[in-house]
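Protein chains in written order, with the working numbering: chain D, 1 to 460; chain A, 1 to 460.
Since the hints were made in silico from the structure, they are not lab data.
A couple of the hints might just be wrong.
No distinction is drawn between identical chains; accordingly, a pair holds when it is met within one copy or between any pair of copies.
[Said to hold, decoys possible] Restricting the straight-line Cα-Cα distance to at most 20 Å, the calculated cross-link-like pairs of lysine-lysine (PhoX-like) are:
hint, residue 1, residue 2
1, Lys301, Lys185
2, Lys185, Lys295
3, Lys251, Lys3
4, Lys376, Lys423
5, Lys44, Lys423
6, Lys251, Lys185
7, Lys195, Lys3
2 protein chains.
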Amino acid sequence: MSKEIRLNAFTMNTVGHMSPGLWTHPRDRSSHYTDLKHWADLAKTLERGRFDAVFIADVIGIYDVYNGDPTSPIRHATQIPVGDPLLIVPAMALVTEHLSFGVTSSVSYEHPYPFARRFSTLDHLIKGRVAWNVVTSYLDSGARATGQQALAGHDDRYDLAEDYLEVCYKLWEGSWEDGAVRRDKASGVFTDPSKVHNIRHKGPHFQVDGIHLSEPSPQRTPVIFQAGASTRGRQFAARHAEAIFVGAPSKHVLKNYVDALRAGAVEQGRRADDLVIYNMHTVIVAETDAEAQEKHAEYRKHISHEGALTLMSGWSGIDFGKYQLDEPLRYVKTNAGQSFVEAFSSSDPAREWTLREMAEWVAIGGRGPTSIGSPKTVADELEAWVNETGVDGFNLASVVMPETFEQVADLLVPELQRRGLFKKDYAEGTLRQKLFGRGDRIAAGHPAHAAREAVRAAGR
Amino acid sequence: MSKEIRLNAFTMNTVGHMSPGLWTHPRDRSSHYTDLKHWADLAKTLERGRFDAVFIADVIGIYDVYNGDPTSPIRHATQIPVGDPLLIVPAMALVTEHLSFGVTSSVSYEHPYPFARRFSTLDHLIKGRVAWNVVTSYLDSGARATGQQALAGHDDRYDLAEDYLEVCYKLWEGSWEDGAVRRDKASGVFTDPSKVHNIRHKGPHFQVDGIHLSEPSPQRTPVIFQAGASTRGRQFAARHAEAIFVGAPSKHVLKNYVDALRAGAVEQGRRADDLVIYNMHTVIVAETDAEAQEKHAEYRKHISHEGALTLMSGWSGIDFGKYQLDEPLRYVKTNAGQSFVEAFSSSDPAREWTLREMAEWVAIGGRGPTSIGSPKTVADELEAWVNETGVDGFNLASVVMPETFEQVADLLVPELQRRGLFKKDYAEGTLRQKLFGRGDRIAAGHPAHAAREAVRAAGR
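With these hints in hand, go ahead and build the complete structure from the sequences.
Laid out in structure tokens, this is it:
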């Protein structure tokens, strides 16, 4: 059999995640995001489809670059209102056994000490099915809302993230030795105090004089997810990430990303297969090709161009409100000179894109490619993406929620399973064990191990 | 009928909450605190017993005053390890319909902007069954662990809490007007931007230039819980709290608390019955008085004196490790001169307590009184407490988890119901509506209203 294809569900505790305007579709239930049962039902669907994990995006702030104010995102519910991503997880986990959860949390707003406890708590409660999507926040509006004068420089944010992660690793890996917890009712000893250590961290941004508040959870360090695409972001990913999310619009762009990420990990002393890489992808699948195309056409009627431009402006920092919808992208590119537009239009350099076309692409599932067709057609396409790029799998956003995920689970996954390209059952164990098959703990060569040793050395 | 008696369950995401040593009891399941199903099962028990809410304590830090180091709490699991209180709530809420959740969160470790979103998210997901137990952290170890040189002064912490709450009120009450959210699929308008406001808060501790990230939740402001017993803490409670937890060891101490708290609320322009007051209380109930006494004797065999002294040292700041267990308390009081010991021994001024006796009192359910006996005996006692003090109800900790709560639900509550002193069914609606019967929103006269008006004024 070829390499197994992996799927993640990409979602957000909000109304308009990656498909601006589609919340207005009659069958779309995104606006039920405030209902815990909505999420519990989604979890059951995803587990039926043997998705690895649900990757829950988050953003603190608002997309106010488009037209320079927050009117458009508020009107169109472009990732606002947005709820805390963590609180839907325990309910989704209670009704599932194997589905894992990649939760986005920024290093910009909370001290790592209570944060590390929060993720340990979750890893305990849901038995090692936790990943942390590490982000350094990117919206100026988020900085202003939390009393920061302006967003720290991009590289500075990654420096802070390094220190933040080191604190977390020390707490997760170094503070409580294996065997510290005895739970011994007969002797009355719960924990052996000689095996619990103050981490004594003095970093450039954070100082911690204390022990971790949680006993070691199944994975200790949650699986580290990362989605940064900048040069500094990719360095950070090569060093820390175990699963990486990219948003490449074409195979040649994706292959470059995949090769660079794996080479980067090896440079950092890790194995190339210590990384699982997912590309953003949108699937519209139906019994037949014709039916799928019809569905796509029907979905397109609900696109919000303004919502798409609002998202694109927030991501890129370019105010697309200054351009006409039918202007060619090369004109935008010349004026704004931004890598976002370049990366997008490079997917098909021969094609002359307009801003409208780009917005319509983005409005169905964001920046990644879209596969539309019968289970056979879509499976053929996904197989080609894997074979030609070396990517491990796909991060699928919904177009219509939860219809997209239901159809993937019920139509596409069985086709992939028939081809021997998709697991019929989950492997046992934690997310890390499921992804890599080498145990619950983070792989050798990862900087978490050095952090553990630093705690030991400080204690001597 | 006499006044209805209210019950809350008092617990913590930890092993040894209020009954040090009892985790070693053969039937005790406290050490299953890392299992989500343990909490979901507890929620079902509490809903069967028509408890108002489960009040989840929390502490960031460790009780290292006893003997001046953290050895004892680690060994005895005295509130360490301790998990994040919030993450057990969504799972407990998914399997219940009416039980509410009072979640402790400190104002000391996180900016109010993401915090306010977290509680709005929870209030949405669990349909208005949320309370926030506001704490200003009290352990030096927590300050050191988060890079603060020393814990801020007690009054300073309350000043910071005032600013923190003002930010939260502005976000919860002022940022999104009623009617802002239209969810209108036909027009494509999710929210009317003209009804969403930047709160523009410039306080002494926090500055917020942004809108709230959440749309208005059922209660907007969660029900405000408070448990501070100091003079400044009680001022704060009189101004902000809707439910107050006290730990009075005797009726005359409790009556003084209750009268002072209600008078304080009235001074602040609120109604005396805008406050629900619960006293900490421990119940050991069985079919007969003899059986209950036997059970108590059996529980006592599992007490950890060292664990109790560790808790008491952490609460009071007195290192009880310096005293002999059989020393009279007046000796400790003379040496340490602390209000904690005075308040305790004032419960029965004629009695000569030793430190051992105090530790044994504390080891079964903490500082509050204990009622032991048949349903009739315990109900008589609780009724007397309510009638003689004006308290509204009791905050019951477990001695053996979850046995204590099961027996209250199955033995005590039916007896109280027979007497017409306890609800047979929950009222419909949010926690605030259930407690006060005057709607989902915070009562007039509460400072949350002034905060909303301040946002309106700033927007003009």
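**OP:** Check Lys376 against Lys423 for me: Cα-Cα at most 20 Å, and say if that holds within a copy, between copies, both or neither.
**Re:** Within one copy only: 17 Å inside, 59 Å across.
Practice item. First find the shortest C-alpha distance between Lys251 and Lys3 inside one copy, then the shortest across copies, and answer within, between, both or neither for a cut-off of 20 Å. Key: within (17 Å within a copy, 72 Å between copies)
Quiz item: What label fits Lys251 with Lys185 when the C-alpha limit is 20 Å: within, between, both, or neither?
Solution: Close neither inside one copy (58 Å) nor across copies (36 Å); limit 20 Å.
Notebook entry, point to check: Given a CA cutoff of 20 Å, do Lys195 and Lys3 count as a within-copy pair, a between-copy pair, both, or neither?
Noted result: neither (42 Å within a copy, 52 Å between copies)
* First find the shortest C-alpha distance between Lys301 and Lys185 inside one copy, then the shortest across copies, and answer within, between, both or neither for a cut-off of 20 Å. => For Lys301 and Lys185, only the inter-copy Cα distance (13 Å) is at most 20 Å; the intra-copy one is 64 Å.
#### Entry: Within, between, both or neither, where Lys185 and Lys295 count as close if Cα-Cα is 20 Å or less
Answer is between; shortest inter-copy Cα gap is 19 Å, intra-copy 61 Å.
(request) Give the relationship of Lys44 and Lys423 under a CA distance limit of 20 Å: within one copy only, between copies only, both, or neither. (result) Classified as within: same-chain Cα gap 17 Å, cross-chain 36 Å, threshold 20 Å.
When the structure is compared with the earlier hints, violations turn up for hints 6 and 7 and for no others.
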